[in-house]
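Undergrad: Sequence:
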Amino acid sequence: MSQQAASRGGTVWALVITSVAGFMAALDNLVVTTALPSIRKDLGGHLEDLEWTVSAYTLTFAVLLMFGAALGDRFGRRKLFGVGLAIFTGASAAAALAPGINELIAARAVQGVGAAIMMPLTLTLLTAAVPAAKRGMAFGIWGAVNGLAVASGPLIGGALTEHVSWQWIFWLNVPLGLALLPLARMRLSESYGTGAPLDFTGTLLASGGLFGIVYALIRGNIDGWTSATVLTGLIAGAALLGGFVRHGIRAKNPMLPMRLFRSRAFSAINAASLLMFVGMFGSIFLLSQFLQGVLGYSPTEAGLRMLPWTGMPMIVAPIAGYLSDRIGGRPVVTAGLALQAVGLGWFALVLSPDVSYAAQLPALIISGIGMALYFAPAASLVMASVRPSEQGIASGANNALREVGGALGVALMASVFSSQGGYESPVAFVDGLEPALWVGAGVVALGAVSAALLPRRGSAAVAAEVPVTKEREPVSV
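With the first letter of the sequence shown counted as 1, position 434 gets the number 434 in UniProt numbering; the numbers rise by one all the way through.
Hints are computed from structural coordinates only; laboratory data are not their basis. All residues carry an ideal CB built from backbone N, CA and C; glycine is no exception. Some hints could be false.
Estimated spans, in silico, between C-beta atoms of each pair [unchecked claim]:
1. V164 x R185: 26 to 32 angstroms
2. W168 x G296: 22 to 28 angstroms
3. R246 x K41: 44 to 50 angstroms
4. V350 x F200: 48 to 54 angstroms
5. R326 x R185: 33 to 39 angstroms
Work out the full structure: start from the sequences and follow the hints.
TA: As structure tokens, this is what we get:
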């Protein structure tokens with residue numbers, strides 16, 4: 001086999017392994033939502049307990065992402081990728097076997113730990129395996145798979161729950177994880193970051209701050225936004241994150257150097273990602289309930305009718321990756337966020353208790369194209385905005401902001417929904433959903449404005465401006 005063919009084979013294997021791993025981690029964000037009634041029937045528990053089956057995963061995922069990336073940079077990205085994958089796979093089996101609701105919540109939290117270690121390393125491992133000239137297309141495929149996982153979680157969860165059992169939303173991860181573990185060992189190359197000592201102070205500040213804020217966002221609609229629990233979480237979380245920023249400015253080797261945010265490219269794409277996930281997560285959370293609770297579709301039927309939105313990344317994202325290589329990521333991701341905002345606004349305009357599927361279809365298609373145009377260029381822009389040795393840090397920070405955005409989106413849009421409507425009747429549901437979708441559209445539109453502030457020359461030019469530093473040799477553990 002020639003060296004070129006071997007290199008091409010390594011690229012394909014890296015793309016398959018990292019895309020499937022990313023799919024598993026992204027899928028479990030929303031896969032549980034359509035299974036909650038069945039879980040409550042089998043395991044019991046109050047509404048608050050059911051909320052935690054969703055929130056426990058998001059919480060641990062968000063607060064440990066940057067620490068997971070830092071561990072990979074320090075001890076080896078391939079090695080830690082395998083550790084995270086093993087934790088995620090084992091916790092998935094534990095969730096499927098959970099005898100009670102508390103055990104399920106605990107397993108979901110451990111799943112989030114595994115995903116936090118595994119997910120940020122998928123991009124760094126893929127970047128190391130793919131030549132720079134072909135990264136746009138590779139990131140396009142990776143983005144398509146991850147975008148599909150996020151958006152199709154309710155469909156997959158609903159179909160498995162309806163036709164098999166809710167346990168299979170977790171069993172699905174087990175054979176995939178067991179297949180990927182030896183493949184990652186054999187097919188991925190080891191790489192390391194800067195070699196700086198682990199930043200335990202920064203890790204504690206970031207994790208504590210994100211925990212406080214995400215916990216408060218999750219509890220806001222349960223305890224009330226002015227309750228002592230929520231206010232304490234918000235104030236303490238903000239104070240700890242303020243300390244994290246100060247630490248990132250003054251420390252010698254911080255986990256997330258604040259100097260990265262001096263880059264317009266890094267700041268703009270991370271702001272755009274945060275805002276995109278606020279609008280998208282909150283919208284999917286409410287629209288999946290609208291299709292079932294108001295229009296009367298089964299979980300599977302609702303998921304199938306959302307395919308013009310959820311399935312579009314598989315078609316458009318590779319094209320978006322190609323376009324980002326040709327014209328730069330800035331115009332592609334800006335157009336994608338603008339279209340996503342238009343799609344949500346369109347849905348709000350046509351919304352009614354008996355809206356036909358034909359009336360919904362244009363909004364679903366526009367939203368799908370917009371989401372697909374965002375995912376691939378966003379990944380490429382994040383990785384191109386920093387030095388190669390700092391790509392693990394950048395990936396962890398971006399993914400953490402996206403997860404926090406998802407939690408914020410669900411909390412924000414659910415708060416708007418409950419203040420204007422409710423579950424009492426189809427009309428009440430629409431009364432709450434319509435203003436919530438307008439809020440989501442506005443937030444994503446702000447993301448488009450942020451993306452428009454990216455450097456005009458695109459990701460390739462940004463990467464050319466970033467000085468390349470020599471990666472260190474493996475460290476002994």
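Undergrad: With reference to the structure, classify each hint as holding or not holding.
TA: Quick rundown of the hints versus the structure:
1. V164 x R185: 26 to 32 angstroms: 31 angstroms Cβ-Cβ, so the 26 to 32 angstroms window holds.
2. W168 x G296: 22 to 28 angstroms: holds (24 angstroms)
3. R246 x K41: 44 to 50 angstroms: holds (49 angstroms)
4. V350 x F200: 48 to 54 angstroms: holds (52 angstroms)
5. R326 x R185: 33 to 39 angstroms: holds (36 angstroms)
Hint violations for this structure: none, all hints satisfied.
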